[in-house]
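Chemist: Below are the chains, spelled out letter by letter.
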Amino acid sequence: MRSTGSLTLVDSASALGFIFVLLIASLTHVNPSNNTLAMEMEYYQKIAEQVLLISVVKGSMKELAEEIESERELTLTLLKMALSCPSELACRLYVYSEGRILGSFGVLHDTIYGEARFFLTLKSGAVVICQISAG
Amino acid sequence: MPDKRRVKDAFIWSASIVYLCAILLFCSISQAGMASLISETTRNRMASDRLQLTAYNLLFDLNLYLYNKVGEEAYQIAVSGGSPTLLSKITLEHWLSTAKNWLKVEGIDGEIDTPYFELNQHRVSSQDAVLMNELALPLSDPLYIDAIDINADLNVSLRDMRTKVRFQTLFKIRSLNPIRIFGLNEIATKFCKEIQIIAPSWGSDKSINEMVKDVEIQFRDFARSFLQKASTQSYASTVSYEIHVKRVNAIQCQVIIKLNDLNITDMSKYAYGTACSKLARINYRLQHREIRWEYSTQFTPKDFGDVKIIGNIYVNSA
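Taken in order, these protein sequences are the chains called A and B.
With the numbering used here, the residue at position 50 of the first sequence is 50, and numbering never jumps.
With the numbering used here, the residue at position 62 of the second sequence is 62, and numbering never jumps.
Under the rule of at most 16 Å between Cα atoms (straight-line distance), these lysine to aspartate or glutamate pairs were calculated in the EDC-like manner:
#	chain 1	residue 1	chain 2	residue 2
1	B	K278	A	E67
2	B	K278	A	E66
3	B	K172	B	D149
4	B	K308	B	E242
5	B	K278	A	E71
6	A	K58	B	D128
7	A	K123	B	E93
8	B	K8	A	D11
None of these hints come from the bench; they were simulated from the model.
Keep in mind the model is a prediction, meaning the values are calculated, not measured.
Please construct the entire structure, taking both the sequences and the accompanying hints into account.
Modeler: The structure is reproduced here in structure tokens:
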């Protein structure tokens, strides 16, 4: 059946199709989740950096360095360091030296996390890694 | 004219759809632009934060490294009874090369150098509160006198290899190691020097047996009062000695005071050194020092002999 006054069904369908194609094309430009992810990671990274710096200023990093040198248990000091992390976030700390993990504390609750590293020049170099995710 | 009208309607619809789509496309492109701008800013900010943390990492790590290195060196100097000037043997080459390797691993193009580095006897408190906090030390303490001031400048210039973000700064390290190596050295050398000066006046015109006892009494009196004075500044000491008197000829006898072991310990609550990866008190040790002098006697020539007394003195810190 043909309409006498205005557009046909075919015209409307092709117009809708055209809009749909254009919308798809335009939406592919934007990936809002990536952007949010970057900002979220930046926030977590900043918190991780603060946790490490606070630990340094409080003297916990020196304590940790002494424990690494004398090959003592690190968990208690790592726990002290993790206490600077806001309670609504999850924090994981570990110490890495000569290809092995010397000690770790905490778990992450999300695959999206921010990370900061602190290097210690001891007899053999050690890296303290702090990772923060949503709680 | 239905055909004309249909064409007109179709044109209006098409034009409005194109207009709508153009607006959508424009919004989408500008949104994408904003998103990439935010993303780039975030990336740069993350890189800049990381560079700042790395720079502070270098500052705090150098401070801790110097504190440990100075502690180890002071421990060795004390054990061997050496001079604190030996502290000048400490260099920063090892730290600089390790730190540069670390930067490379982190993907940071970095230049670091220490244009100024000095270790001095502590006199006036000019320490940095944050760096002292890092070492878990109070900013000032009466027992810091004669400790070791650590002064260094650290120039840091960092560039993130991915984002090309730069960070440059100059840190001043004004820190301290509380081991009072200057004080320990001063007390030990002064003790020996003073004995050398006043000992020739010790002695008596009695028999050799009595003379050796007299010399011991005077030596013990002197040593006790000297070391007790030091104990008020939190130093503990032990001296093991040997006094030897022998007749040389009719009018002279020789007196020898052997300081077999003079041990002075820094009892300040912060003064610890590292020995075999363990914290240890700092013991300044002088061994086998000898003070000898000739004493003119008036006792009878038949009183020939050779008398020796061995003893120890212990003085705890007050």
